[in-house]
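Counting along the sequence shown from 1, when you hit position 299 you're at 507 in the working numbering, and nothing is skipped either side.
Honestly, I wouldn't trust all of these hints.
DSBU-like cross-link-like pairs, simulated, lysine-lysine; straight-line CA separation at most 30 Å [what the hints assert, rightly or not]:
#1 Lys-451 to Lys-527
#2 Lys-216 to Lys-415
#3 Lys-508 to Lys-547
#4 Lys-211 to Lys-338
#5 Lys-321 to Lys-384
#6 Lys-388 to Lys-216
#7 Lys-338 to Lys-415
#8 Lys-508 to Lys-527
#9 Lys-321 to Lys-388
#10 Lys-321 to Lys-216
Read the hints as simulated data drawn from the structure, not as lab findings.
Everything numeric in this text was worked out from a predicted model, so none of it was measured.
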Amino acid sequence: MEKFILGKTGLEITRTGFGALPIQRLDTDTAVKLIRQAVEGGITFFDTARAYTDSEQKLGIALEGVRENVVIATKTGAQTGEELWKHLEMSLSMLKTDYVDIYQFHNPGFVPKPGGADGLYDAALEARRKGMIRHIGITQHSIERAFEVVESGLYETLQYPFNHLATAKEVELVEKCREKGMGFIAMKALSGGLVTQAELPFAYIRKFPHVVPIWGIQRESELRQILALSENPPELDAQLQEKIDQDRRELVGEFCRGCGYCMPCPVGIPINNANRMTQLLTRSPAEPYFSEEWQHNMEKIEQCIHCGVCATRCPYELKPFETLPGHLAFYRKLLAERKG
209 MEKFILGKTG
219 LEITRTGFGA
229 LPIQRLDTDT
239 AVKLIRQAVE
249 GGITFFDTAR
259 AYTDSEQKLG
269 IALEGVRENV
279 VIATKTGAQT
289 GEELWKHLEM
299 SLSMLKTDYV
309 DIYQFHNPGF
319 VPKPGGADGL
329 YDAALEARRK
339 GMIRHIGITQ
349 HSIERAFEVV
359 ESGLYETLQY
369 PFNHLATAKE
379 VELVEKCREK
389 GMGFIAMKAL
399 SGGLVTQAEL
409 PFAYIRKFPH
419 VVPIWGIQRE
429 SELRQILALS
439 ENPPELDAQL
449 QEKIDQDRRE
459 LVGEFCRGCG
469 YCMPCPVGIP
479 INNANRMTQL
489 LTRSPAEPYF
499 SEEWQHNMEK
509 IEQCIHCGVC
519 ATRCPYELKP
529 FETLPGHLAF
539 YRKLLAERKG
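Throw the hints in and build the complete structure from the sequences for me.
The following block contains the structure:
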């Protein structure tokens with residue numbers, strides 16, 4: 209499998225990364241088996257987070273014995289330096305390792321810097337001096353803060369959503385990272401599950417040789433598909449470009465990526481999926497979303513109190529309380545058609 213050096217980190221990794229968020233939904237034995245199959249398939253870059261429940265623990269079990277052959281990136285949502293030390297100790301314990309290759313601040317609402325009252329960056333520097341982490345990175349969903357990260361010169365890697373639906377501004381961000389020697393880790397390659405043809409973002413992202421996508425993998429079939437694409441990368445020909453253009457017509461703009469930062473809702477609306485229900489019903493198998501449970505979930509939209517909290521949390525500046533009624537209307541229409 210093709211490898212490259214991730215920015216100025218000096219880390220040699222595969223151009224295909226394993227996103228370990230979905231494995232928290234699997235039992236331990238299944239998750240460990242899947243991760244080991246990824247290693248056997250040649251993947252050497254694994255991304256997780258302290259916030260992903262038991263994802264780190266499962267990775268630690270699976271990668272024991274091959275730790276020196278892989279690169280592990282994890283994240284902390286710590287708000288203070290003191291909390292960062294607690295998170296780091298826990299991550300090291302769960303991952304069964306003495307060090308983390310890339311330690312990332314997990315989508316903070318500001319860019320941590322040396323001397324800050326929060327103490328985050330200074331704690332990360334100290335952890336790096338002690339050899340507990342090797343490189344300092346950050347993840348973001350805000351394009352403005354992402355550019356601030358790049359201009360700060362403080363970080364070796366940036367993780368940000370990037371795929372074939374990228375805007376000119378996002379491409380500019382990716383190129384700016386290349387110019388600065390920063391490693392770029394692309395999350396949301398499948399737009400939170402709305403993109404069903406992996407070859408489209410796969411072919412597009414390969415236009416940027418300094419970018420590593422982390423594919424959220426939960427099933428063996430998904431892993432096989434990604435490994436097959438890695439072994440025989442698709443060319444961005446006219447046929448694929450037409451499919452990309454279709455995806456862009458349908459999805460570019462203000463659509464929910466399903467990141468879940470809007471949650472929880474005070475009245476229990478599952479906003480992160482309800483606010484993209486129209487796309488889910490038209491772009492993926494619809495049957496699971498017509499269950500009694502989902503019918504009940506969607507009807508909760510009627511209980512929205514328009515508190516606006518979801519909008520304050522959304523990194524894409526969406527206003528779910530304004531768009532949810534439209535998704536409910538579309539859902540009811542299709543449900544009525546199914547019932548005849």
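So, going through the hints one by one against the coordinates:
As the CA atoms of Lys-451 and Lys-527 are separated by approximately 29 Å, the hinted pair is consistent with the 30 Å bound. The suggested pairing of Lys-216 with Lys-415 holds, with an alpha-carbon distance near 20 Å, which does not exceed 30 Å. Restraint check for Lys-508 and Lys-547: satisfied, since their Cα atoms lie roughly 20 Å apart, inside the 30 Å limit. Proximity of Lys-211 to Lys-338 is assessed by CA-CA distance (about 28 Å); at most 30 Å being required, the pair is judged to hold.
Restraint check for Lys-321 and Lys-384: the C-alpha separation of about 20 Å stays at or below 30 Å, so the hint holds. For the proposed pair Lys-388 and Lys-216, the alpha carbon gap of about 9 Å is at most 30 Å, so the pair holds. Proposed proximity of Lys-338 and Lys-415 is contradicted: the alpha carbons are some 37 Å apart, above 30 Å. As the CA atoms of Lys-508 and Lys-527 are separated by approximately 17 Å, the hinted pair is consistent with the 30 Å bound.
For the hint pairing Lys-321 with Lys-388, the CA-to-CA distance comes to about 18 Å; that is within 30 Å, so the pair holds. Distance check on the hinted pair: Lys-321 and Lys-216 sit about 19 Å apart at the alpha-carbon level, within 30 Å; holds.
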